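Protein chains: 4
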Amino acid sequence: MGSTIGSRFRLTVFGESHGRGVGCVVDGCPPGFPLDLERLQSDMDRRRPGQSVYTTLRKEEDKVEVLSGLYNGRTNGGPLTLFVKNEDIQSSTYSEVGFKPRPSHLDYTAHLRYRGYFDYRGGGFLSGRMTAAMVLGGGVAKQLLGYVGVGVHAYMRSLGGVDLPREPSLEEVVANTYSSPVRCPIPEAAEEMMKRVSDARSSGDSVGGIVECLVVNVPAGYGEPIFDSVESLLAHALFSVPGVKGVEFGAGFHVANMKGSEANDEFYVEEGKIRTKTNNNGGIQGGITNGMPIVLRVAFKPTASIPKPQRTVNLETMREETIVVKGRHDPAIAIRGVIVVENMVAAVLADVLYTMIDQKKF
Amino acid sequence: MGSTIGSRFRLTVFGESHGRGVGCVVDGCPPGFPLDLERLQSDMDRRRPGQSVYTTLRKEEDKVEVLSGLYNGRTNGGPLTLFVKNEDIQSSTYSEVGFKPRPSHLDYTAHLRYRGYFDYRGGGFLSGRMTAAMVLGGGVAKQLLGYVGVGVHAYMRSLGGVDLPREPSLEEVVANTYSSPVRCPIPEAAEEMMKRVSDARSSGDSVGGIVECLVVNVPAGYGEPIFDSVESLLAHALFSVPGVKGVEFGAGFHVANMKGSEANDEFYVEEGKIRTKTNNNGGIQGGITNGMPIVLRVAFKPTASIPKPQRTVNLETMREETIVVKGRHDPAIAIRGVIVVENMVAAVLADVLYTMIDQKKF
Amino acid sequence: MGSTIGSRFRLTVFGESHGRGVGCVVDGCPPGFPLDLERLQSDMDRRRPGQSVYTTLRKEEDKVEVLSGLYNGRTNGGPLTLFVKNEDIQSSTYSEVGFKPRPSHLDYTAHLRYRGYFDYRGGGFLSGRMTAAMVLGGGVAKQLLGYVGVGVHAYMRSLGGVDLPREPSLEEVVANTYSSPVRCPIPEAAEEMMKRVSDARSSGDSVGGIVECLVVNVPAGYGEPIFDSVESLLAHALFSVPGVKGVEFGAGFHVANMKGSEANDEFYVEEGKIRTKTNNNGGIQGGITNGMPIVLRVAFKPTASIPKPQRTVNLETMREETIVVKGRHDPAIAIRGVIVVENMVAAVLADVLYTMIDQKKF
Amino acid sequence: MGSTIGSRFRLTVFGESHGRGVGCVVDGCPPGFPLDLERLQSDMDRRRPGQSVYTTLRKEEDKVEVLSGLYNGRTNGGPLTLFVKNEDIQSSTYSEVGFKPRPSHLDYTAHLRYRGYFDYRGGGFLSGRMTAAMVLGGGVAKQLLGYVGVGVHAYMRSLGGVDLPREPSLEEVVANTYSSPVRCPIPEAAEEMMKRVSDARSSGDSVGGIVECLVVNVPAGYGEPIFDSVESLLAHALFSVPGVKGVEFGAGFHVANMKGSEANDEFYVEEGKIRTKTNNNGGIQGGITNGMPIVLRVAFKPTASIPKPQRTVNLETMREETIVVKGRHDPAIAIRGVIVVENMVAAVLADVLYTMIDQKKF
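Protein chains in written order, with the numbering used here: chain A, 1 to 362; chain B, 1 to 362; chain C, 1 to 362; chain D, 1 to 362.
Chain A extracted, bound-state conformation (with noise of 0.2 angstroms):
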């Protein structure tokens, strides 16, 4: 029923966005981790807008509540529910999208899923809201993963069609990513990419973007077969997140056009370990990890939500109407992206690797 994912560490999203709040069940977090309430906040408020005139002018404060699960500052390995209350609502911005969809957006499949009891405003339960649910679930993985050593970098590949013009080192993506607005890790190419942003917003329109993910210190070897393989999950897991329309791993899509003496990845050694010279698989060959970095993109198409008029059917009338968006929406849902890839990208990890995690005592 889609509200719950992973087998291990399992998480469980609720809420709505314009309801109380939106929050989620940690499962399987083991006893004893001392989790960092300041760097969930922090996350949360990487994923907040209200923070630049590149993301929407809403104010939420999303602030951190644990509901259960923590003891004395440590988790008691029960059920782990953390909340952030919605604030600054305003419904009224809403009233048109019941009955009119809006081109690209949920509104109409939700009507025919939900029949008329779908609460449209702000998207209900399918809102992009319900990320705040998936970074903080995925934020406490991110602490744990960093407990064995493994961490996990999103930033900004492409945005508006610009796109990085080079590989970004991993000192940059950890010192620029989350201080630029755009969560571009190469400050020349985060200039360009926020003028475009700007230049739509202007336009009454949004733009696309690609966020890549790097995650370093993957131990080799963890992953299952088949059904269960690492792709597999992370793939789940990040076309769950609202906008995402593709999702790559390695050489992703370009390696259709590669001959496999271009596209395999050959071995060498390494101060006594095995690598690769190239890591066109991304860290993963057959569903497992091969001790490499694990490199994915994930591709968001831009807001559908758009000031410009557009052509749309009356559900009511079954008449062809313009519409014209109001309310405050980002002009680019790749932005706050970022932070919901890298958490979403952890909570699948946290699961791959849960023996690792479970064996690493407090």
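No lab work stands behind these hints: they were computed from the structure.
It is possible that part of the hints are untrue.
Copies of one chain are not kept apart here, so a pair can be met inside one copy or by any two copies together.
[What the hints assert, rightly or not] Here are the simulated DSS-like cross-link-like pairs (lysine-lysine), alpha carbons at most 27 angstroms apart as the crow flies: (1) LYS361 / LYS85; (2) LYS277 / LYS326; (3) LYS195 / LYS85; (4) LYS195 / LYS308; (5) LYS85 / LYS63; (6) LYS85 / LYS360.
Nothing here was measured: the structure is a model prediction, and the numbers come from that model.
Position chains B, C and D relative to chain A; hints supplied.
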């Protein structure tokens, strides 16, 4: 642990490359369905190698056997078990790969994951041979979908760098795909694709490709929220197919370069039904089907096993060595991937549309 | 990891005894259902302690809060999140049990499983307090079942050694159960049961009991084969209720002493419907409902926390010691178990009968 | 959909009574385990009918075949597929039961659930024959548990109204159970049990029984909270065995008549380890193992198929008729139930203790 996928229409695969055979258990097939075994055999034949110079020269008869679940030609409501024997096995050609892992192949990661015990011959239970079990189970799903009017059609979109010159019509797809040795629906492009494959084979190399899948007549309003979005379930299944490195829906990665005003699929009315002018969402909005055709693309890497000399590391000596892969391998796994993608998409959609299938009594 | 149960109607519980509160996420509730919050509150009140001398003297208001999933009084198709705050907590009485485990209590095993980090106060996330979350989620299920005509009724079958003198009628069950402090549908027996509970309390002891559950108007032909038999799903849920040591259906353990000719439920026709003369199968044959009422019994052990001095082992010194349990505990957990059994049975049956519920549009 | 159980050690069963055979896929078997096929065959032989006058006269060779998962005598980490062919089928004796359902048999409910398409011969995929697949998969689990020192031992506790006169010692259980035709560990009682079975058979009747299972050397501290309590998982599996109507742990239903001061298992120290003086909890407290032996009992109803004339309803005419069941049926399914209970308990515990098994490298 990876052998099972699906919740209501559920597929469990078993077997291995160099064992007795491979098969699957299909759980959730409604009682009374007149399964067409000839059509299932025809699906298997479409996956079978040894059909042309563009695939391997191995011969596998792949005769479909029913171990349980059929009674007087109809499903009896219980687990449907299908099996194909392995034949024409040449294990001797794999003597080396146990300790000299082929670049980009699962040899290395399976060795790490399953320690010395993995049956590396032919890729064991992680082999491309397992796709025979996927084709079997998915073939049942495809027949069930056909019964409720849904058509699933995969074809080659790009092979060896040769793209389709235009969108193929549904008629072309149906008429040409499986009569083409490279599963290409547009004959002119097929010629060029075949040439690239031949050239690659001649030079001891291999090529990658992109398989596209078009699902027509999909009812609107199906899919679950958040983690069980239709895209999540499809991508999960598709990334379990060996060699897949990317999955995208609708405009896919291209959407990242579009503006909202370009990417949004505006609604209009046609013959009393709501449709969209474009289909950049690939038939899925907010994780739920919107009634437009589902369109997705899957990137296959070039066959990893190539005759060209490659560098690897001897796992026993930890010294770098050169490996020349023997055995009979497809120069392009994407070719056989076409029917695999088609049937795995069907397996997932039979799960998504289960209520609809279940309500249509036989 | 244990917080989630069900496949289509799915319940996730969270919270803990001495934290902010407890709650649940109900996934799969169809859109448009007019959830009766007063009736849900009434279920909570039936579980609440402090109602009589036969239960504990703790006071918990247990006011039901809706965190998400309701819109204009109807379910909106998304995750329904319900919550009750914890109140009147006296943590000081638990200072000892962290290292002097109470006999037959989870103190000891939780200490082993969660090492030092378990919040032993009040039983933490394994506490009887968690049954409040079960009652909440199951209460939703019971309302859904009522909507399709299925009635779920639990009552005390045996308490402190006092058995019901005869089969209660459905009318008696409905009229008397929850007005009786010991949930006994037959007033004469209720008196005697109350006396036994009083006596046990007076002597610093506790008593066990058997809760029976009767489900009427169950449609025939529901249930899945083998591992998802209706009995399997019900027993799974019931053994998750703290203190349960046995579950039986129909004639239950008594059937082991019967001959086939006695135990077999012969068929006959009544008003055009097939029924059985006896109901030794308890409404389930071959794991599938047969249209007769489902009858099951659940054995609850006596409350483990008793004031009488008991021997235990000090976990710090590994020396045997005597413990005198403080705090306010029910002298018979079976009493509060009645509504818990009733609602957990409902939660499982809402899953089993999901298709039926889903087809009945609101 | 019912054919799969377990999360890490996972069992999928397939096949049917009158098809090609029955089998199972074992997922999660760690690589390198030297599976003892002779011991597995011996388990199958213990389930096999035709061994004595106390079971049926059908002959089934039940030769274990390995379809995948073994390489050089050791598990290879992939799905382990085991199969036994069906032999000696007499379908003709079932010609009537398709429309004259046997009382207390699945004939009627399977007819409702699977409409006309169920293969009623021998019970189809719901048949007692499916327990052969359970014994196979559970037999693998039992060997894995043995490797970490855990012993699983089932035996007859009560048959045809004859109870064991006292607690059997572990030595008696090991020495006598499977050499007794009625699986009774105490020879004196065995004689009387056999007499009851013979008498029942002579009079065209059948008897019920109670199987007890003792698991020794269970490590303390294993099990998951709430819905995945060890009791929940065990009961779930045991209620999937055909004919089971009750499951209890430790003092079971008897505990309902006890006082807390009697029922509570007080702790003491023996050889530096914490143990309990009594074992009324049956080795499980709060859903978690406490280090004492797990003790459980399973009630089997008498075989439903008896030669004595019984009343039923003709499904075609809806008239009441008398049925005389033909075919060769066990007079007491509990007898064959012993090895089934033993191995299903093992299957569940291999899942519960998975971490322990997985860490013990081969």
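So, going through the hints one by one against the coordinates:
Taking the shortest alpha-carbon separations for LYS361 and LYS85, neither the intra-copy value of 33 angstroms nor the inter-copy value of 32 angstroms comes in at or below 27 angstroms. Within a single copy, LYS277 and LYS326 get their C-alpha atoms only as close as 51 angstroms, which misses the 27 angstroms cut-off; across copies the closest is 23 angstroms, which meets it. Taking the closest pair of Cα atoms, LYS195 and LYS85 never come within 27 angstroms of each other, the shortest separation being 33 angstroms inside a single copy and 49 angstroms across copies. For the homomeric pair LYS195 and LYS308, the shortest alpha-carbon distance inside one copy (19 angstroms) is at most 27 angstroms, but the shortest distance between copies (48 angstroms) is not.
Proximity of LYS85 and LYS63 under a CA criterion of 27 angstroms is satisfied in both settings, with 7 angstroms inside one chain copy and 19 angstroms between copies. In this assembly of identical chains, the alpha carbons of LYS85 and LYS360 never lie at most 27 angstroms apart, being 34 angstroms within a copy and 34 angstroms across copies at closest.
In the structure shown, a violation is registered for the earlier hints numbered 1, 3 and 6, in ascending order.
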